[in-house]
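Produce the entire structure from the sequences given, and follow the hints as far as they go.
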Amino acid sequence: MIEIPSDLHKDLVPLAFLLGDWAGAGVHDFPGSEKCNFGQEVSFTHDGRDFLEYSSRTWVLDENGGKVRPLESEHGFWRIDADRKVEVTMTRDDGVIEIWYGELADQKPQIDLVTDAVARTAAAQPYTGGKRLYGYVKSDLMWVGEKQTPEVELRPYMSAHLKKVVTPEDVERWAKALPDDMPDDGIAFFK
Numbered sequence: 001m002i003e004i005p006s007d008l009h010k011d012l013v014p015l016a017f018l019l020g021d022w023a024g025a026g027v028h029d030f031p032g033s034e035k036c037n038f039g040q041e042v043s044f045t046h047d048g049r050d051f052l053e054y055s056s057r058t059w060v061l062d063e064n065g066g067k068v069r070p071l072e073s074e075h076g077f078w079r080i081d082a083d084r085k086v087e088v089t090m091t092r093d094d095g096v097i098e099i100w101y102g103e104l105a106d107q108k109p110q111i112d113l114v115t116d117a118v119a120r121t122a123a124a125q126p127y128t129g130g131k132r133l134y135g136y137v138k139s140d141l142m143w144v145g146e147k148q149t150p151e152v153e154l155r156p157y158m159s160a161h162l163k164k165v166v167t168p169e170d171v172e173r174w175a176k177a178l179p180d181d182m183p184d185d186g187i188a189f190f191k
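Residue 1 is where the sequence shown starts when you use full-length UniProt numbering, and the numbers rise one by one after that.
Just so you know, the hints here were simulated from the structure itself, not pulled from any lab data. Do not rely on the hints blindly, as some may be mistaken.
As the list claims (entries may be wrong) - Pairwise CB distance ranges (calculated):
#1 I97 x D47: 21 to 29 Å
#2 D7 x D140: 19 to 27 Å
#3 E151 x G65: 29 to 37 Å
#4 D94 x T45: 17 to 25 Å
#5 G32 x E3: 40 to 48 Å
#6 E87 x K67: 30 to 38 Å
#7 S73 x D116: 18 to 26 Å
To be verified - The calculated lysine-lysine pairs, modelled on DSSO-like cross-linking and capped at a C-alpha distance of 30 Å, are:
#8 K164 x K85
#9 K163 x K67
#10 K108 x K176
These figures come from a predicted structure and were not determined experimentally. Note that CB positions come from ideal geometry on N, CA and C, so glycine has one too.
Take a look at the structure:
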């Protein structure tokens, strides 16, 4: 269910499908790095201004799905203009800062992004750019990331399937918003 908060900046309505906390798992595979399954928590929040605040934490999973160690963390800000152009600034824990530009697809909740600028600290691994695709599919958030380095051409390196994290407060709020004249098909139990 996509909710549009009443205090969401009007420019961000096309990005409302991203809002909330998400959790799930994916696969990491890039030359020179450990191939692994990973867990991920993502959060998209807003405070009424014209951007979404974004944070992501990933960790390596063992064969039983248990957390082994952190993999990557990133934090950033997402904006969109009247022409559906998306702008993202992102800082990663590995010493990389990126500016991404892209577009929200027409008639569907999908965003394609490409790096426009990359800055690295002296401690950061070689990295020259990337692409990302985010999509809202059957109430889930899915994404795939590609990256390139001076030694490796642009190629997929991470992808994940995330589910919306639902709290008891969310369920209560949704139940209270149901119309009073709904047929008694079990829904009444939640009111």
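### Message
Need the status of pair K108, K176: alpha-carbon distance at most 30 Å?
### Response
The given pair, whose Cα atoms are some 29 Å apart, holds under the 30 Å limit.
### Task
Evaluate the given range 19 to 27 Å for the C-beta pair formed by D7 and D140.
With a Cβ separation near 25 Å, D7 and D140 satisfy 19 to 27 Å, so the hint holds.
### Message
Taking 29 to 37 Å as the stated bounds, is the beta-carbon spacing between E151 and G65 within them?
### Response
holds, 32 Å
### Query
When you take the CB atoms of E87 and K67, is the distance between them in 30 to 38 Å?
Since E87 and K67 have Cβ atoms about 33 Å apart, the given range 30 to 38 Å holds.
### Message
Quick check on a hinted range of 40 to 48 Å for G32 and E3, using CB atoms only.
### Response
The hint (40 to 48 Å, Cβ to Cβ) holds, given that G32 and E3 are roughly 42 Å apart.
### Distance restraint hint 18 to 26 Å, applied to the beta-carbon atoms of S73 and D116
Hint holds: Cβ distance 22 Å, inside 18 to 26 Å.
### Message
17 to 25 Å was suggested as the range; check whether the CB atoms of D94 and T45 agree with it.
### Response
The hint (17 to 25 Å, Cβ to Cβ) holds, given that D94 and T45 are roughly 23 Å apart.
### Task
Take the C-beta atom of I97 and the C-beta atom of D47, compute their distance, and say whether it sits inside 21 to 29 Å.
At 22 Å between Cβs, range holds.
### Given hint K67 paired with K163 - CA-CA distance at most 30 Å
With Cα atoms ~18 Å apart, K163 and K67 stay inside 30 Å; holds.
### Message
Against the 30 Å threshold, does the CA-CA distance of K164 and K85 hold or violate the hint?
### Response
Since the Cα atoms of K164 and K85 sit roughly 25 Å apart, the hinted pair holds (cutoff 30 Å).
Every hint from the earlier list agrees with this structure, and none is contradicted.
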